[in-house]
Amino acid sequence: MAYAYLFKYIIIGDTGVGKSCLLLQFTDKRFQPVHDLTIGVEFGARMITIDGKQIKLQIWDTAGQESFRSITRSYYRGAAGALLVYDITRRDTFNHLTTWLEDARQHSNSNMVIMLIANKSDLESRREVKKEEGEAFAREHGLIFMETSAKTASNVEEAFINTAKEIYEKIQEGVFDINNEANGIKIGPQNPMPGPTGPHNAGQAGGSCC
Amino acid sequence: MLTRMKSAVANFMGGIMAGSSGSDHSNGSELPMRFPYVRPEFLGLSQDEIECSADHIARPILILKETKRLPWSTGYAEVINAGKSTHNEDQASCEVMIVKKKTGVQSTPNKTSSNKRRSSLPNGEGLQLKESTEVDGITFQYWALFDGHAGAGAAVVASKLLHHHIVEQLQDVVDILKNSAVLPPTCLGEDPETTSANSRTLTRAASLRGAAGAPGSPSTPQTRFFTEKKVPHECLVIGALENAFKEMDLQIERERSAYSISGGCTALIVVYLLGKIYVANAGDSRAIIIRNGEIIPMSSEFTPETERQRLQYLVSPTKEALVHLFLNIFLAYKTIEEDDLKFPLIYGEGKKARVMATIGVTRGLGDHDLKVHDSNIYIKPFLSSVPEVRVYDLLQYEHGADDVLVLATDGLWDVLLNEEVSEAVTNFLACCDPDDPHRYTLAAQDLVMRARGVLKDRGWRISNDRLGSGDDISVYVIPLIHGNKLT
Ligand SMILES: Nc1nc2c(ncn2[C@@H]2O[C@H](COP(=O)(O)OP(=O)(O)O)[C@@H](O)[C@H]2O)c(=O)[nH]1
Ligand SMILES: [Mg+2]
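Residue numbers (the working numbering), protein chains in the order written: chain S, 1 to 210; chain F, 1 to 487.
Heads up, a few of these hints could be off.
[Stated by the list, open to error] In silico DSS-like pairs for lysine-lysine, Cα to Cα no more than 27 Å straight-line:
(1) F/84 / F/456
(2) S/165 / S/131
(3) F/100 / F/246
(4) S/151 / F/68
(5) S/151 / F/84
(6) F/65 / F/178
(7) S/151 / S/130
(8) S/29 / F/68
(9) S/29 / F/65
(10) F/371 / F/352
(11) F/102 / F/276
(12) F/456 / F/485
[To be verified] Partial list, derived from the structure: chain F residues whose beta carbon lies under 7 Å from chain S:
(13) 48
(14) 52
(15) 57
(16) 58
(17) 60
(18) 63
(19) 66
(20) 438
(21) 454
The set of hints was computed from the structure by calculation and includes no laboratory data.
On a predicted model such as this, the values are computed, not experimentally measured, just so you know.
Every residue, glycine too, gets a C-beta built ideally from N, C-alpha and C.
Chain F with its partners taken away, still in its complex shape:
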């Protein structure tokens, strides 16, 4: 992400780049880090192993160790970039969480290690058969991917804290969710026109325009398995997830005064709660379901290009905003030639598009200090922390052992089409023993290998001599067959 950002800025500004990029201390602050740099907790790596894994030359593909288990036998694999940044700026976390009704004193997600967390390792084996409506709370499974830019800080913080914000938000509605007889309050105003073709998209983010018809999902099969009316319970969960993202972003903003939290990150999360899978996405990671060889997109990417409408909507309805914006630019560039004043809101096209020539994703967490290069214009007002949430009813279909939900950062999707990913996973799983607990991790390793490729004389190459991904790549392969056991 960073390289692209850097080169876009460099192109625009004629090659002048301020600050260093590879280092995570580039903001020059003396503040302590909120969390030290880590790899996902569930990988259980020692410091030496983390050091070995950061090899930009051989780029080892890390997988889940044999002794570690994730909920639902989820598979996971990751690889570091080809040298664009010292660290792997992707982060991941996976947890089994319990939501209990709030009792008096409000707990803040800052204080981690509370009783909300059932086990320090996301080993949900014992939990998954017990359906979530226990007497004293609701259990949910949580998978998350964060892709950091301009430092690993925000991604690490989000990977450590976002699930606690989700618990916090769900606490307010836990009673209603548990007791289906209680009628929930009316769903907040959604915009029915933004409902996408393949899965319902209930989100206030969508009402900001721009989510609908987002490109980047080459195939949009006309699967219509959401035919029933909106289910209010879903709305509550969606609202909770949206709020959790916003709260996470606000926490990062607040804590900037006490800690160094570098850069920003995208966030793609999956929550399994009461029979439904919720996919919340802010950024350019992607989730697809592969069911019986068929692709069901579960997210859309938020980039300057896909959000052109939302961004322009932000500016255009009130002339004032526009005037204000250009005033800022004038103030920043009053000494510059007339030509340079035409700072476009969106600069460039396709994967290279940038908001004001600065950043390649328009939704995510962090980036509070990001400014248009060489200016005092903050980018943050143009970014949004609100995710798009899609819902998939896990119980409406009898899933097979090879039906999976694939989550990955843009490192994978930049070089492989949905169809290629689907074909690779389907073929891979067909060749492995259906009872092998490692099969999903091996499938994830195979996907990372296909996207990374092998190092040849002319760089990393994948099939058909195409360019492999030089970015950090992280992949979850989540089997959906566990849904069958839950009914």
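The shape of chain S in the complex, shown without the other chains:
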């Protein structure tokens, strides 16, 4: 399907926080209580509309376990957005955010938009991390923040779309070099003004449509 832009996202965070469930809720609009442990990388894709433009999101869901960390790290490259997820019912997943953030900053391009996601908001009775703590962490590190539930779908749509809006704004401001595929953005065939084109760019458009 034709799109104006393609954004690549990566979902990171400790194992069990709900990364795969968030992706499934966003792409398929369903919740699967028992999800297989992700041991490699899994992909999802969905079309959204921002500012009247069709944008294709290509989402990489990664394995959170320590033993796969070096593989996961190698996937930050070429991502325009990252969803950093923790579980509000497990404080340790919140405590590990700093490590994840360091990893992300070190291995991604500096303009990558990071959305901090506090998942499992439906489990209010088992909450271990207050919403204010998440907000404070996000503010301190310059991240966007949302509480979501992959189970009830609360805020899931918003989390993915707000990240895309932020990326889109950065494109408008000229922060992203959209002709460099390493930034996780591709220009689609239907884009009205694809910017300065070279042979490289023409190849990209061709490769992405099939």
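Please arrange chain F with the ligands on chain S, whose structure you already have, making use of the hints.
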């Protein structure tokens, strides 16, 4: 493969390159594709997933999904190249097949989805405990890797059809194989002198000289577990595999008139049949068995360098052939300086060696339209579709959970030695739960990661800051312990 080919040609011809390379429609034909570009069927990828996987920047390592199972809990992982071609030109297939005696009408492998195929997904779980001598047929397990060059066409076609050719060939001998009391016809003339040190190599390909003493397998341990005389049943299977390769190649040649089948491919296949593992190889992929930490090479590579003898043998015995060859070159180059007429049969050395400066593998399928650059000389007569077949008796040894057969395309072996692969697999498996069904897939993922490396400022790097592989990399890790259950 393509990059190497391109640069060799470019070097030779002074930088002039005809046609585009990344695209698979470079032959400019309007013919429909025989099969659309795909990834291995057993990966079960959607179109979106295939699109994501073709990321030359992050190079995601694809593995078998948790819900998919291959025969014997085989592990599999692959990664795309670093940008040399749009597509991943490696292909793989894995099947459980049944051979039944031919009944009257001849079936052609063109018509797939016949009853020969037991299930659309190679999920052999239910089959593997039933040993293969059923009343009405013989079951075999099949694993295959194809490394395409100059387009994905031939590799895709071979991955879809080669196993049907194998069934077709085995149908002729199924009665003899099933009934060990029946004496098979005499084995076709093999060349005993080409028997290699570590495993018996029974192949007519070997008699074309050149297979023996092939380099590329750094270690050749003196394991001699094949001490008994040649077993005629083996010869029948080996002959069937050789013929299947030839038939596959002929089919590609025939169908070129109706379809666009781009490029060529190497083929490395494993068949498990009646207690024995057959490894058939045409090209530069490689198979090794890692048993109790010991390496047993199960294939040798066929490149211009390793096949120097066969290629020269093709030309030298008859002066006529030589004259003919040079006549062709003269005709093609009559306007060129004398210096350019010295088109060597083999150009370059080592990994860079090319047949007439054009192609880096000397055995494989396809390449029927390949010509020496800027000329009308076809390369195909110098290539061979006949595989070298090696046999391993699975039942002669009690295998442990960490004993495996590793198959991989040259993307892995270009950067890792057999010893490094063996050590990595052995260490990896030692750390995982022996009952974890994913352990072999995780081991394959680990191998791909070690060969791909990580992207640094100066390109993809692996351990000791060596250059990682920028090629497509595909790896099977096949546990041999299933052989124990079969006895
Ligand atoms: N109650 C509730 N459970 C969730 C939610 N998201 C995920 N889970 C559960 O958390 C577990 C781990 O989810 P998964 O997506 O596999 O985590 P991942 O390892 O981060 O991919 C599963 O058992 C899910 O059912 C949520 O929003 N609410
Ligand atoms: Mg997961």
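Outcome of the hint check:
For the hint pairing residue 84 of chain F with residue 456 of chain F, the CA-to-CA distance comes to about 18 Å; that is within 27 Å, so the pair holds. With a C-alpha separation of about 23 Å, the suggested pairing of residue 165 of chain S with residue 131 of chain S holds against the 27 Å cut-off. Of the pairs offered as hints, the one joining residue 100 of chain F and residue 246 of chain F holds, with about 21 Å between alpha carbons and a cut-off of 27 Å not exceeded. Under the criterion of a C-alpha separation no larger than 27 Å, the hint pairing residue 151 of chain S with residue 68 of chain F is consistent with the structure, at around 26 Å.
Distance check on the hinted pair: residue 151 of chain S and residue 84 of chain F sit about 43 Å apart at the alpha-carbon level, beyond 27 Å; violated. At roughly 36 Å between alpha-carbon atoms, residue 65 of chain F and residue 178 of chain F are farther apart than 27 Å, so this suggested pair is violated. The straight-line distance between the Cα atoms of residue 151 of chain S and residue 130 of chain S is roughly 19 Å, inside the 27 Å bound, and the hint therefore holds. Note on residue 29 of chain S and residue 68 of chain F: the hinted pairing holds, with a Cα-Cα distance of about 23 Å set against a maximum of 27 Å.
The suggested pairing of residue 29 of chain S with residue 65 of chain F holds, with an alpha-carbon distance near 21 Å, which does not exceed 27 Å. A hinted pair counts as satisfied when its Cα atoms are at most 27 Å apart, and residue 371 of chain F with residue 352 of chain F qualifies at roughly 18 Å. For the suggested pair residue 102 of chain F and residue 276 of chain F, the alpha carbons sit about 23 Å apart, so the restraint of at most 27 Å is met. Between the alpha carbons of residue 456 of chain F and residue 485 of chain F the distance comes to roughly 46 Å, so the proposed pair goes past 27 Å and is violated.
Annotation: residue 48 of chain F was flagged as interfacial toward chain S, and the flag holds, the nearest CB pair being 4 Å apart, inside 7 Å. Below 7 Å, beta-carbon pairs count as interface contacts, and residue 52 of chain F has one with chain S at about 4 Å; its hint therefore holds. Interface hint at residue 57 of chain F: satisfied, since its Cβ lies 4 Å from the closest Cβ of chain S, which is below the 7 Å cut-off. Interface restraint check for residue 58 of chain F: the shortest CB-CB distance to chain S comes to about 5 Å, inside 7 Å, so the restraint holds.
At its closest, the beta carbon of residue 60 of chain F sits 5 Å from a beta carbon of chain S; the interface hint therefore holds under the 7 Å criterion. Because the smallest distance between the Cβ of residue 63 of chain F and any Cβ of chain S comes to about 4 Å, under 7 Å, the interface hint for this residue holds. With a least beta-carbon distance of about 4 Å to chain S, the hint placing residue 66 of chain F at the interface is held under the 7 Å criterion. The restraint placing residue 438 of chain F at the interface with chain S holds, with a minimum CB-CB distance near 6 Å, inside the 7 Å limit.
Satisfaction of the interface hint for residue 454 of chain F is found here, the shortest Cβ-Cβ separation to chain S being roughly 5 Å, below the 7 Å cut-off.
This entry does not satisfy hints 5, 6 and 12, going by the numbered hints stated previously.
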